[in-house]
Amino acid sequence: MKLNVIDKTGKTVEELEVSKEVFGAERNEVLIHEVAVALNNNQRQGTKSTLTMSEVRGHKKKPYRQKGTGNARQGTTKGPQFTGGGIVFAPKPRDFSTKINQKKKTAAFVSAISAKLADKEMLVIKDLKLKEAKTKLIANLIEKLKLEGKSVMFVNPYNTELIRAVANIPHAEVTTGEQLSVMDIVNHRILVVSVDAVKTIEKQYGGAK
Numbered sequence: 037m038k039l040n041v042i043d044k045t046g047k048t049v050e051e052l053e054v055s056k057e058v059f060g061a062e063r064n065e066v067l068i069h070e071v072a073v074a075l076n077n078n079q080r081q082g083t084k085s086t087l088t089m090s091e092v093r094g095h096k097k098k099p100y101r102q103k104g105t106g107n108a109r110q111g112t113t114k115g116p117q118f119t120g121g122g123i124v125f126a127p128k129p130r131d132f133s134t135k136i137n138q139k140k141k142t143a144a145f146v147s148a149i150s151a152k153l154a155d156k157e158m159l160v161i162k163d164l165k166l167k168e169a170k171t172k173l174i175a176n177l178i179e180k181l182k183l184e185g186k187s188v189m190f191v192n193p194y195n196t197e198l199i200r201a202v203a204n205i206p207h208a209e210v211t212t213g214e215q216l217s218v219m220d221i222v223n224h225r226i227l228v229v230s231v232d233a234v235k236t237i238e239k240q241y242g243g244a245k
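Counting in this note's numbering, the final residue of the sequence shown is number 245, and the numbers go up one at a time with none missing.
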């Protein structure tokens with residue numbers, strides 16, 4: 037299959053032959069969701085922890101006598117109804133990681149990027165490399181490609197100037213073809229991928245079925 041390649045003005049300048057196996061895969065929303073949730077879970081630290089009633093330091097003595105004070109009866113100040121008391125069903129450290137095999141990850145990736153392409157939310161650009169780390173260059177590119185206000189992921193071989201130029205652009209990020217993930221594809225409205233990055237992705241996922 038062939039993809040249109042644009043320049044930095046948005047004009048089509050050439051066509052790029054790519055593997056239908058990678059960029060024309062069948063859409064599988066269920067698999068994409070499964071892998072995206074697993075990847076998101078694997079990023080969770082799971083370190084949240086608070087004290088239960090039994091773990092709060094202090095005595096179990098009644099704060100005041102049972103009757104005659106006008107207050108509701110209380111057995112201890114360690115209860116959840118008191119400031120500084122224990123928490124009912126308190127959260128404890130836990131492991132949120134979800135195992136998912138490489139075959140599923142690969143299938144989800146090619147399905148997700150193929151869906152982006154089919155929905156016309158992936159643009160292939162001849163080159164994204166910058167010689168100067170100027171935010172204005174990327175701001176102008178976004179304007180010319182009519183991507184203002186949209187979340188954009190720029191995919192290009194590592195380029196320090198590009199990374200620095202995108203840093204001050206709201207809703208825009210940069211990654212490489214090797215590091216692009218299902219989460220990146222799902223979480224960004226538009227992918228702007230350089231020809232070199234497309235070739236990297238094709239090489240990395242070319243054996244996908």
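To be clear, the hints were calculated from the coordinates, so they are not data collected in a lab. All of these numbers come straight from a predicted model, not from anything done at the bench. Yeah, the Cβ is synthetic: ideal placement off N, Cα and C, and Gly gets one too. Any given hint could turn out to be false.
With a straight-line cut-off of 16 Å between C-alpha atoms, the simulated EDC-like cross-links for lysine to aspartate or glutamate are [claimed, not checked]:
1) Lys165 - Asp43
2) Lys180 - Glu65
3) Lys38 - Glu179
4) Lys165 - Glu197
5) Lys162 - Glu53
6) Lys140 - Glu65
7) Lys38 - Glu51
8) Lys44 - Asp163
9) Lys140 - Glu70
10) Lys114 - Glu91
11) Lys47 - Glu197
12) Lys44 - Glu179
13) Lys235 - Asp163
14) Lys182 - Asp43
15) Lys235 - Glu91
16) Lys38 - Glu53
17) Lys186 - Asp220
18) Lys186 - Glu157
Label pairs and their calculated CB-CB ranges [to be verified]:
19) Ala126 - Glu168: 50 to 60 Å
20) Glu70 - Lys156: 21 to 31 Å
21) Lys186 - Gly60: 18 to 28 Å
22) Gly60 - Ser133: 25 to 35 Å
23) Glu51 - Ser85: 22 to 32 Å
24) Ala126 - Arg225: 33 to 43 Å
25) Glu51 - Ala175: 23 to 33 Å
Now the hints, each set against the structure:
1. Lys165 - Asp43: Since the Cα atoms of Lys165 and Asp43 sit roughly 12 Å apart, the hinted pair holds (cutoff 16 Å).
2. Lys180 - Glu65: violated (31 Å)
3. Lys38 - Glu179: Violated, because 26 Å separates the two Cα atoms, which is more than 16 Å.
4. Lys165 - Glu197: Holds, at roughly 8 Å.
5. Lys162 - Glu53: holds (13 Å)
6. Lys140 - Glu65: Status holds; Cα separation ~13 Å.
7. Lys38 - Glu51: holds (6 Å)
8. Lys44 - Asp163: Answer holds: Lys44 to Asp163 is near 8 Å, not above 16 Å.
9. Lys140 - Glu70: Cα-Cα ~9 Å, so holds.
10. Lys114 - Glu91: holds (9 Å)
11. Lys47 - Glu197: Given pair Lys47, Glu197 is violated - Cα atoms ~24 Å apart, limit 16 Å.
12. Lys44 - Glu179: Distance ~10 Å between Lys44 and Glu179 Cα, so the pair holds.
13. Lys235 - Asp163: This hinted pair holds, its Cα atoms lying about 12 Å apart.
14. Lys182 - Asp43: holds (13 Å)
15. Lys235 - Glu91: violated (57 Å)
16. Lys38 - Glu53: holds (4 Å)
17. Lys186 - Asp220: holds (14 Å)
18. Lys186 - Glu157: holds (11 Å)
19. Ala126 - Glu168: 50 to 60 Å: holds (53 Å)
20. Glu70 - Lys156: 21 to 31 Å: With a Cβ separation near 25 Å, Glu70 and Lys156 satisfy 21 to 31 Å, so the hint holds.
21. Lys186 - Gly60: 18 to 28 Å: holds (24 Å)
22. Gly60 - Ser133: 25 to 35 Å: At 32 Å between Cβs, range holds.
23. Glu51 - Ser85: 22 to 32 Å: For Ser85 against Glu51, whose Cβ atoms are near 56 Å apart, the range 22 to 32 Å is violated.
24. Ala126 - Arg225: 33 to 43 Å: At 39 Å between Cβs, range holds.
25. Glu51 - Ala175: 23 to 33 Å: holds (28 Å)
In summary, the numbered hints that this structure violates are 2, 3, 11, 15, 23.
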